[in-house]
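From first to last, the protein sequence lines stand for chains A and B. To convert a position in the first sequence, counted from 1, into my numbering, add 64. To convert a position in the second sequence, counted from 1, into my numbering, add 64.
Just so you know, the hints here were simulated from the structure itself, not pulled from any lab data. Glycine is no exception: its CB is placed at the ideal position from the N, C-alpha and C atoms. Just so you know, not all the hints are guaranteed correct.
Said to hold, decoys possible - Listed below are several chain A residues computed to face chain B (Cβ distance under 7 Å; list not exhaustive): (1) M65; (2) I67; (3) S77.
Protein chains: 2
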Amino acid sequence: MDIREGKQKFIESWGKMAGGWGITPAMAQVHALLLISPEPLCADQVKAELDISTGNVSMNLRALLDWGLVYKETPPGCRKEVYFAEKDLWKVIRQIIINRKKRELEPVLLVLDELAAVQETCPQSEHFCTVVRDIRKLTHKANQTLDTLIKADSHWLGGAFLNMVR
Amino acid sequence: MDIREGKQKFIESWGKMAGGWGITPAMAQVHALLLISPEPLCADQVKAELDISTGNVSMNLRALLDWGLVYKETPPGCRKEVYFAEKDLWKVIRQIIINRKKRELEPVLLVLDELAAVQETCPQSEHFCTVVRDIRKLTHKANQTLDTLIKADSHWLGGAFLNMVR
DNA sequence: TTTTGTTTTCAAAAATGACTGAAAATATCT
DNA sequence: AGATATTTTCAGTCATTTTTGAAAACAAAA
Chain A
65 MDIREGKQKF IESWGKMAGG WGITPAMAQV HALLLISPEP LCADQVKAEL DISTGNVSMN
125 LRALLDWGLV YKETPPGCRK EVYFAEKDLW KVIRQIIINR KKRELEPVLL VLDELAAVQE
185 TCPQSEHFCT VVRDIRKLTH KANQTLDTLI KADSHWLGGA FLNMVR
Chain B
65 MDIREGKQKF IESWGKMAGG WGITPAMAQV HALLLISPEP LCADQVKAEL DISTGNVSMN
125 LRALLDWGLV YKETPPGCRK EVYFAEKDLW KVIRQIIINR KKRELEPVLL VLDELAAVQE
185 TCPQSEHFCT VVRDIRKLTH KANQTLDTLI KADSHWLGGA FLNMVR
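With the hints as extra help, turn the sequences into a complete structure.
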């Protein structure tokens, strides 16, 4: 397999995995392209390589910057801005965790806290409260665990996983 | 907050979280309903409670059975089949991990293994191979970790998370 | 300040994915 | 077997999400 084919396949696969991680295909492709590019790229180059529209490139570069997965630099004496990806995978994962936690876990946490106010007045509500309590406990625990992971440094993060495997 | 309002809110929230977990809204709603129902329900009751079509109920109950999140029972002397959810949350999470791993992680693993065949013949391909190698290592590690989690019993699973938090 | 090159915004179009409804298949009961 | 109740399937419709493209905003250079 040569490098051109490899790049293409990589970008395509990264895009496919995206759905499951709360990332749009285009965003994932831009990220993949920047990940494997040794040099920073400008918006135009990204557009050309991936064959997606100017607006799409702009929006997704912005999103990746917001997510903390990509950085931007303005070379002196040059009008274009260039972008490059965070290459430390643990940092990448951490950023993804942070974003998904905020987007998905925390809203649920809020609702579960609200639901704790339901009174147990009948067999049905008793069962409901038991289930909600269980989920609430677990969700809070997951939330704490993620907070710890987020604060931990990359070395420790890898180590923790390794420990679980052993 | 009374039980009716609580149920509704719970089902709605569960549906919202669904997107991020590779589950359709309707599937999540059916699951939520069965989770908080003290008694098993038949397809018709699910349809009535959630106000979704017969076909949708059927497809999603089937999917939940496939995922191992819901069980089915045929009460003797009765024509309808009734469904009830797995209530042990660790089992639920384990099933979700199993399914998502199969659907999302394993295909990527395959591609990465293929990409290992790219030759390092230029600076660009050298960088490409480095990135792919890193991702590949990490992905395999994640895969192993998940395998361990899946095999572990519920008690240990909770314990492992607890340890990480500490 | 004007020109020129670049990025952002956003309404509309396209693509994707989920849901419906009715017909077909299956299962149960008499 | 025939009648009836239940479940499954799937093509078509509908809703949501993503992408486009062109105009507006912005920024640097002249």
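Hint check:
| no. | hint | in the structure |
| --- | --- | --- |
| 1 | M65 | holds (5 Å) |
| 2 | I67 | holds (4 Å) |
| 3 | S77 | holds (4 Å) |
Of the hints listed earlier, there is not a single one the structure fails to meet.
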